[in-house]
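J.: Sequence:
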Amino acid sequence: MQTNQTIVKEFTLLGFSLYPDAQISLFAVFFCLYLLTLMGNLTIMSLTWVDRALHTPMYIFLSALSFSETCYTLSIIPKMLADLLAKNRSISVIGCGLQMYFFLGLAGTNCIILTLMGYDRFLAICKPLRYPLLMTNIVCGQLVASAWAGGFFISLIETALIFRDFFCSSNLVKHFFCHMRAIVRLSCLDSNLTEFMVTLISESGLLGTFLLIILTYVFILSTVLRIPSAEGKQKAFSTCASHLTVVIIHFSFASVVFLKPEGSRGDDTLIAVPYTVITPFLSPLIFSLRNKDMKNAFRKVVGNIVS
Numbered sequence: 001m002q003t004n005q006t007i008v009k010e011f012t013l014l015g016f017s018l019y020p021d022a023q024i025s026l027f028a029v030f031f032c033l034y035l036l037t038l039m040g041n042l043t044i045m046s047l048t049w050v051d052r053a054l055h056t057p058m059y060i061f062l063s064a065l066s067f068s069e070t071c072y073t074l075s076i077i078p079k080m081l082a083d084l085l086a087k088n089r090s091i092s093v094i095g096c097g098l099q100m101y102f103f104l105g106l107a108g109t110n111c112i113i114l115t116l117m118g119y120d121r122f123l124a125i126c127k128p129l130r131y132p133l134l135m136t137n138i139v140c141g142q143l144v145a146s147a148w149a150g151g152f153f154i155s156l157i158e159t160a161l162i163f164r165d166f167f168c169s170s171n172l173v174k175h176f177f178c179h180m181r182a183i184v185r186l187s188c189l190d191s192n193l194t195e196f197m198v199t200l201i202s203e204s205g206l207l208g209t210f211l212l213i214i215l216t217y218v219f220i221l222s223t224v225l226r227i228p229s230a231e232g233k234q235k236a237f238s239t240c241a242s243h244l245t246v247v248i249i250h251f252s253f254a255s256v257v258f259l260k261p262e263g264s265r266g267d268d269t270l271i272a273v274p275y276t277v278i279t280p281f282l283s284p285l286i287f288s289l290r291n292k293d294m295k296n297a298f299r300k301v302v303g304n305i306v307s
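Residue numbers (my numbering): 1 to 307.
One or more hints might be untrue.
[Said to hold, decoys possible] Below, a list of computed lysine to aspartate or glutamate pairs in the EDC-like style, where the Cα atoms sit at most 16 Å apart: (1) Lys87 - Asp21; (2) Lys235 - Asp165; (3) Lys174 - Asp268; (4) Lys9 - Asp165; (5) Lys295 - Glu10; (6) Lys79 - Glu10; (7) Lys292 - Asp51; (8) Lys174 - Glu10; (9) Lys300 - Asp51.
Honestly, the hints are just simulated from the structure, not real lab data.
Construct the complete structure from the given sequences, taking the supplied hints into account.
T.: This is how it looks when you write it as C-alpha cells:
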C-alpha cells in the first residue's frame, strides 16, 4: 500500500541549538578563529605571490593548500555563524546539495594536495639531482589542477548518490552543516546502501591519501638516515616538519569524523568542530611559524611598507 508522504523542500540545521546558553560564546570563539584562519591563509598566499624567492614548487603547493582551505571554510563556517545568531536555521535542498558538494570536494582536494606536498619533499630529498627536472613550476601547477579535479569528481559521485532521490522523512538535520551521513538518513529510499557506499568512498580516499603520505615518509626517512652529517639530517628533517605536523593533525581529526563507527555514541556536531574549524586554523599557523623562508618574506614585506 502506498502511503502519502510530504516531500521535503528544505532542511533545518539543528546545529548547536542543543546548547542554547552557549551559542553567543560559541559564535565569539568561532568568529575569532575564522578571522584568524582567513588572515593566516591570505598572508601565505600574498607572500607567495609577491616574493620571488617563494616561487618554487614547495610554496606553490603551500599557497594552493591555503587557497583550498580558505574556500573550504567559506563553504560552511559563515552559514554556521549566521545560524548561531538566527532563529531560522533552514537551508533549501538545492543549497544543501551545493554545500555538501563543495565541502566534500574541497576536503578531498586538501587531502590530495597534502599528498602532493609529501611527494614534493620525497623528490627533493631522495632525488635531489633530478628534482629540478621532475618538479618544475608547470608540473606543480598541473598536479594542483589534478588535485582539484580529483577532489570534485569524487564529491560529485557522493553528492549525486545522496541527492538522487527525494527526501520525505523529518527535515531536521542533526548537524551544523549538510553532513553526508546526516542527510542520507532522511532519504525516501532505504538509506543503508547509500550510506555504506558514500562512507566507503570517503574512507577509501582518506586512508588512501594518508597511506601514500606515510609511504613517502618511509623513503624520506631511509634516505635521511644515510646522510653522514648531523647538520644535513637536521636540515632535511626541518623541511618536512611543518608538513608532517599538519598531516598528523589533519588526518587525526578527519578520521574521528569519517571513520566513526556506525551507532557509536557522541555528538556529531561537536565531533566535527576540530576538523572544520580548528584544523584550518592550525594549518597556516604551523606553516608560518615553523618556516624560516616565510618569516623572512614577511619581515621583508613589512620592512618595505614601513620604509
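J.: If you draw a straight line from the CA of Lys79 to the CA of Glu10, is it 16 Å or shorter?
T.: Holds, at about 15 Å.
J.: Take the C-alpha atoms of Lys174 and Glu10, compute the straight-line distance between them, and say whether it is at most 16 Å.
T.: holds (14 Å)
J.: Quick one, are Lys87 and Asp21 close enough, alpha carbons at most 16 Å?
T.: With Cα atoms ~14 Å apart, Lys87 and Asp21 stay inside 16 Å; holds.
J.: Given the hint that Lys300 pairs with Asp51, test it: the Cα-Cα distance must not exceed 16 Å.
T.: holds (9 Å)
J.: For Lys235 and Asp165, compute the direct alpha-carbon distance and say whether it is at most 16 Å.
T.: Outside the cut-off at roughly 54 Å; violated.
J.: Given the hinted pair Lys295 and Glu10, is their alpha-carbon gap at most 16 Å?
T.: violated (47 Å)
J.: Please work out if Lys174 and Asp268 have their alpha carbons no farther apart than 16 Å.
T.: holds (8 Å)
J.: Is the Cα-Cα distance between Lys292 and Asp51 16 Å or less?
T.: Distance of about 14 Å is within 16 Å: holds.
J.: Compare the distance between the alpha carbons of Lys9 and Asp165 with 16 Å, and conclude whether the hinted pair is satisfied.
T.: This hinted pair holds, its Cα atoms lying about 12 Å apart.
Violation of the numbered hints given earlier is confined to hints 2, 5; the remaining hints are satisfied by the structure.
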